[in-house]
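Model the full structure from these sequences, guided by the hints.
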Amino acid sequence: MTRLLLSLVVLAAVPLAACGPADFRGDPDAGERCAGETARCVGESYQTCVGEQFVEQQRCAAPLHCAPSFGCSECDPQRPQICQGDDTYTCSDDGTIGNYVGTCPFETCQDGFCQNDECAEEAKLIYVVDDSYRLLSFDPRNNANTFTLIGQLNCPAGPSWPDWLGFGPATPFSMSVDRSGRAWVVYTSGEIFWVSTADASCQASPWVKGSNGFQLFGMGFVSDSPGSAAEHLYISGGAAAAPGSGNLGSIDPQTQTVQTLGGLAQAENSPELSGTGNAELYAYYPGMFDTFVARLDKTTAQIQQRYTLPPLDGQVMAWAFAHWGGRFYIFVTDGDDFLGTQNSQVVLLDPMTGTANRILSDLPYFIVGAGVSTCAPVVIE
1 MTRLLLSLVV LAAVPLAACG PADFRGDPDA GERCAGETAR CVGESYQTCV GEQFVEQQRC
61 AAPLHCAPSF GCSECDPQRP QICQGDDTYT CSDDGTIGNY VGTCPFETCQ DGFCQNDECA
121 EEAKLIYVVD DSYRLLSFDP RNNANTFTLI GQLNCPAGPS WPDWLGFGPA TPFSMSVDRS
181 GRAWVVYTSG EIFWVSTADA SCQASPWVKG SNGFQLFGMG FVSDSPGSAA EHLYISGGAA
241 AAPGSGNLGS IDPQTQTVQT LGGLAQAENS PELSGTGNAE LYAYYPGMFD TFVARLDKTT
301 AQIQQRYTLP PLDGQVMAWA FAHWGGRFYI FVTDGDDFLG TQNSQVVLLD PMTGTANRIL
361 SDLPYFIVGA GVSTCAPVVI E
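According to this note's numbering, the stretch in the sequence shown is residues 1 to 381, in order.
Treat the hints as calculated values from the structure; they're not laboratory data.
None of these values were measured; they are calculated from a predicted model.
Yeah, the Cβ is synthetic: ideal placement off N, Cα and C, and Gly gets one too.
Don't take every hint at face value.
To be verified - Distance ranges between label pairs, derived from CB positions:
1. 38 to 308: 49 to 59 Å
2. 38 to 363: 45 to 55 Å
3. 254 to 311: 38 to 48 Å
4. 93 to 252: 10 to 20 Å
5. 42 to 363: 47 to 57 Å
6. 152 to 300: 35 to 45 Å
7. 93 to 305: 39 to 49 Å
8. 230 to 338: 43 to 53 Å
9. 379 to 168: 37 to 47 Å
10. 37 to 266: 40 to 50 Å
11. 358 to 268: 16 to 26 Å
12. 340 to 156: 24 to 34 Å
Shown next as structure tokens:
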């Protein structure tokens, strides 16, 4: 698409020294105080802190939008996507419109996402990533249970956290998928990258690594209410040096801000997460002595329901987890480091019967992350 020329539309900020108090339009929230070099947006009004009060400096005229870090710009980098008519685009770090993401049904694009109940078929699949940077789709429809290679990740990640047991270059750690079909992949560096599930191309997200103490974590999108297109990204973890403990948090996809919700149950390993379009959050806790899936309270992290699985056969090396069609697909690798053996497998848990069966074994993938969007069916279609 043709990029908009900001210079044709942006209203220049009024120099503070050139005008008196009568030249400013005050904060509509009377009496609210501010300090320092604070800036904010109120609708399309860009305001800065002057004399301990917010004062309007620019009013952004369409098609520009207000961004707290830029003033008037094509888009706000703190919001991952923007609507242009019915089309959705990413927002680049410099406040300009980036890559085309997709097209929403007529007049359903809002805040950068399609606000409707219709989802593309590709947004209904499970996606996985392995430690060799391979992104794959996994198709559980009609019990096909087939993997398809999409591509090789080449995200510009920094080094791993110093306390991470793996050391060395950063590798994928976990992932989830939003309703547009885009993967969110966190690396052992603590960075989140947005990854296309069409071609595995990467884009850095605005996520600030280590926010609220979340250095490494599992991930899962959950609808805000049953059947809603609005969703939050839930994360489980904390310090890179303490993989068996941590907190539950939620990330607002629009602002990238994180809220800590509560402490996770102590276990051998921190859980991986998966959510549903029914607004339910689930966690998979792997272990040699205690392995289970749990439904979590989204506001407190407390376990509301528990499904016990047989303990794994050896050391837990990698694990990932996705809910699809009312069942749980567990991607787990166990083995023995001393003997140099490992088994990468897929276990299917049916919560209606409580049975867990290994449906695939000896896979050539060391799967470290799995993601499914809230578009996926909540019961078998």
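A quick look at each hint next to the structure:
Taking the beta carbon of each, residue 38 and residue 308 are about 51 Å apart, inside 49 to 59 Å as hinted. Between residue 38 and residue 363, the C-beta spacing of about 51 Å keeps the proposed range 45 to 55 Å intact. A hinted range of 38 to 48 Å for the beta carbons of residue 254 and residue 311 is consistent with their spacing of about 41 Å. Remark: the range hint 10 to 20 Å for residue 93 to residue 252 is upheld by a beta-carbon distance near 19 Å.
A beta carbon spacing of about 52 Å between residue 42 and residue 363 agrees with the range 47 to 57 Å that was offered as a hint. As the Cβ distance of residue 152 to residue 300 is approximately 40 Å, the hint placing it in 35 to 45 Å holds. Distance hint check for residue 93 and residue 305: the Cβ-Cβ separation is about 42 Å, which falls inside the suggested range of 39 to 49 Å. Take residue 230 and residue 338: their Cβ atoms lie about 49 Å apart, and the range 43 to 53 Å holds.
For residue 379 and residue 168, the hinted distance range of 37 to 47 Å is satisfied, since their beta carbons lie about 43 Å from each other. The hint said 40 to 50 Å for the Cβ distance between residue 37 and residue 266, and at roughly 43 Å that hint holds. Remark: the range hint 16 to 26 Å for residue 358 to residue 268 is upheld by a beta-carbon distance near 20 Å. Checked against the given bound of 24 to 34 Å, the beta carbons of residue 340 and residue 156, roughly 33 Å apart, stay inside it.
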